[in-house]
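Visitor: Here the protein sequences line up with chains A and B, keeping their order. First residue of the first sequence? That's 329 in my numbering, and the numbers climb one at a time after it. First residue of the second sequence? That's 329 in my numbering, and the numbers climb one at a time after it.
Don't take each hint at face value.
Identical copies look the same in the list; a pair holds intra-copy or inter-copy alike.
[Said to hold, decoys possible] Think about it this way: if two alpha-carbon atoms lie no more than 25 Å apart in a straight line, the pair counts; the simulated SDA-like pairs of lysine to any residue are:
1. 559 <-> 631
2. 559 <-> 383
3. 614 <-> 588
4. 559 <-> 618
5. 614 <-> 565
6. 559 <-> 506
Bear in mind the hints are in silico, worked out from the structure with no lab data behind them.
2 protein chains.
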Amino acid sequence: MKGTVGELGEFGLIRELTSRLTSTPAVRLGPGDDAAVVAAPDRRVVASTDVLLEGRHFRRDWSTAYDVGRKAAAQNLADIAAMGAVPTALLLGLVVPADLPATWANELMDGLRDECQVAGAAVVGGDVVRGETITVAITALGDLRNHEPVTRAGARPGDVVAVTGWLGWSAAGHAVLSRGFRSPRAFVEAHRRPEPPYHAGPAAAGLGATAMTDVSDGLVADLGHIAEASKVRIDLSSASIDIPSQMSDIGQAVGVDPLQWVLNGGEDHAIVATFPSDVKLPARWKVIGEVRNPSALPQVTVDGAPWAKAGWDHFSDIEESAGS
Amino acid sequence: MKGTVGELGEFGLIRELTSRLTSTPAVRLGPGDDAAVVAAPDRRVVASTDVLLEGRHFRRDWSTAYDVGRKAAAQNLADIAAMGAVPTALLLGLVVPADLPATWANELMDGLRDECQVAGAAVVGGDVVRGETITVAITALGDLRNHEPVTRAGARPGDVVAVTGWLGWSAAGHAVLSRGFRSPRAFVEAHRRPEPPYHAGPAAAGLGATAMTDVSDGLVADLGHIAEASKVRIDLSSASIDIPSQMSDIGQAVGVDPLQWVLNGGEDHAIVATFPSDVKLPARWKVIGEVRNPSALPQVTVDGAPWAKAGWDHFSDIEESAGS
Numbered sequence: 329m330k331g332t333v334g335e336l337g338e339f340g341l342i343r344e345l346t347s348r349l350t351s352t353p354a355v356r357l358g359p360g361d362d363a364a365v366v367a368a369p370d371r372r373v374v375a376s377t378d379v380l381l382e383g384r385h386f387r388r389d390w391s392t393a394y395d396v397g398r399k400a401a402a403q404n405l406a407d408i409a410a411m412g413a414v415p416t417a418l419l420l421g422l423v424v425p426a427d428l429p430a431t432w433a434n435e436l437m438d439g440l441r442d443e444c445q446v447a448g449a450a451v452v453g454g455d456v457v458r459g460e461t462i463t464v465a466i467t468a469l470g471d472l473r474n475h476e477p478v479t480r481a482g483a484r485p486g487d488v489v490a491v492t493g494w495l496g497w498s499a500a501g502h503a504v505l506s507r508g509f510r511s512p513r514a515f516v517e518a519h520r521r522p523e524p525p526y527h528a529g530p531a532a533a534g535l536g537a538t539a540m541t542d543v544s545d546g547l548v549a550d551l552g553h554i555a556e557a558s559k560v561r562i563d564l565s566s567a568s569i570d571i572p573s574q575m576s577d578i579g580q581a582v583g584v585d586p587l588q589w590v591l592n593g594g595e596d597h598a599i600v601a602t603f604p605s606d607v608k609l610p611a612r613w614k615v616i617g618e619v620r621n622p623s624a625l626p627q628v629t630v631d632g633a634p635w636a637k638a639g640w641d642h643f644s645d646i647e648e649s650a651g652s
Numbered sequence: 329m330k331g332t333v334g335e336l337g338e339f340g341l342i343r344e345l346t347s348r349l350t351s352t353p354a355v356r357l358g359p360g361d362d363a364a365v366v367a368a369p370d371r372r373v374v375a376s377t378d379v380l381l382e383g384r385h386f387r388r389d390w391s392t393a394y395d396v397g398r399k400a401a402a403q404n405l406a407d408i409a410a411m412g413a414v415p416t417a418l419l420l421g422l423v424v425p426a427d428l429p430a431t432w433a434n435e436l437m438d439g440l441r442d443e444c445q446v447a448g449a450a451v452v453g454g455d456v457v458r459g460e461t462i463t464v465a466i467t468a469l470g471d472l473r474n475h476e477p478v479t480r481a482g483a484r485p486g487d488v489v490a491v492t493g494w495l496g497w498s499a500a501g502h503a504v505l506s507r508g509f510r511s512p513r514a515f516v517e518a519h520r521r522p523e524p525p526y527h528a529g530p531a532a533a534g535l536g537a538t539a540m541t542d543v544s545d546g547l548v549a550d551l552g553h554i555a556e557a558s559k560v561r562i563d564l565s566s567a568s569i570d571i572p573s574q575m576s577d578i579g580q581a582v583g584v585d586p587l588q589w590v591l592n593g594g595e596d597h598a599i600v601a602t603f604p605s606d607v608k609l610p611a612r613w614k615v616i617g618e619v620r621n622p623s624a625l626p627q628v629t630v631d632g633a634p635w636a637k638a639g640w641d642h643f644s645d646i647e648e649s650a651g652s
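Excised from the complex, chain A in its bound form:
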């Protein structure tokens, strides 16, 4: 555990990292060979890739390595769940500076492993190379269990829009952290370590969801992707969106309308889906809007009117910050 990753060397580091992993019955061949082998009982595999960079997607002074691992895994596993699939496996492409403490890499791996366990998956392989900027490239795999994948393209006018999971908590935590505060803890924790409702994805597929995505760029932006792909308009009802009183308090303290966090904040990885209007949704889903016919209005409206700020582009300089 002592020393830097440069001192350990490539093979030494890989040995340490893989020694920390746990497995599941779906892992037919784990790390250490040319490739891993993972069960795909559905005869189809769902796969998604995300890249996180230090300074851009996380900061070592804001988040522990463990939290970065939890968050990196969560982000990818939520993509799998949002297709209606059960996450099975995760692969890691890791770039580390030679002077990085090996403990940092180990704790990152612990975070990946533990988040995988929450979702029922396991880390099955990866690659480690030396470079300037810590880079965490994750690929997650999942199994559809005989459901058809729920894409962004199936929403139909008349469907209801429902959400489950947390909304705006990560953004509120980011606002707190970026102003130099470390509390309230609940929001800071939510920013450091999202808790996607993994089980809700496959469950929604079973309930007949017509379109689904996880909220990574912000609710309005991500519903925009559904509206675009489905060629519909989505209207949200602000009255049906709960703002927790703690969030209102923080909003007042930092001078931000908390509805901004709920509608534009990403990274909580809530799951939002559209369903036929006669669906009976479990209690943890909340209906927040309706699918309409496309019109001259923007693709996503709030109470029938345009909503000013529609998420951000990770490439633009405006709004750029770690955690966005």
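Guided by the hints, dock chain B onto chain A, whose structure is given.
Guide: Just chain B, lined up with the frame of chain A:
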């Protein structure tokens, strides 16, 4: 096509990149949703990840973006083939500086696409983020077609060791390029764009290969991985290893024993496997050694004696160079 990736923005770049892709029947859902869906008829999926960094694994003055794409894909698809599987899909995690010409990213994607086509696979998804160093993180998927995966752990004393594909060509090309030359073209081309014998992997599985890997770190080093995992010694016969006359000529010109390139040079992604001694191998396989019982000798020997240089560790400063 004009301008930089920063000018295009994240979504603009992703649109350009995905517009260049082709598909295959195995692709059930391509790029553009939360995740891709790929056929896995075997009910298991083979998966492998590799990361390439500019300056470390490729140089823009030595290789075109197209060649980097070909090589990055080849490296991963060869890992899939070396398990005995047929490559089906590839996912890309791409880090690009904002001032990178968009044409570079487009040509990289063309290279990935075309190498996938050679192997029968398709690019199905990915992620693009802005950062300082061009980073290409690839995950390849494959299908075992009812063969058991051929790991590194199954070699048994008495098995023969056989290889197919090119050996030492990339290393010879690297030697030429690092001395400031651009020819002979055949070697320079081999360094820029390896040609792994993808079909040979699944074919070897069908022929009863007991262990298999692709040659990425060098023949001796990669056979060392098989010897280690299988708890055997592997003895190569130098007389059975052909050195092409052009390679001997280059060796003489630059003062290197070409056997070094053949035994220690990686990146050609030849496929080396062990087989029961009574196997009937197709003409393109060449028997180059034998599996022995473990002994006090190193795990890989040449003509029964230790071989001096056993590949390199990508983390050590010794031998570090782009292309290693």
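Visitor: All hints are to be evaluated individually against the structure, with a verdict given for each.
Guide: Quick rundown of the hints versus the structure:
1. 559 <-> 631: Classified as within; 19 Å inside a copy, 68 Å across copies.
2. 559 <-> 383: Result: close neither inside a copy nor across copies, 36 Å intra and 44 Å inter.
3. 614 <-> 588: Within one copy only: 18 Å inside, 66 Å across.
4. 559 <-> 618: within (14 Å within a copy, 63 Å between copies)
5. 614 <-> 565: within (11 Å within a copy, 70 Å between copies)
6. 559 <-> 506: This pair counts as neither: shortest intra-copy Cα distance 37 Å, inter-copy 54 Å.
This entry does not satisfy hints 2, 6, going by the numbered hints stated previously.
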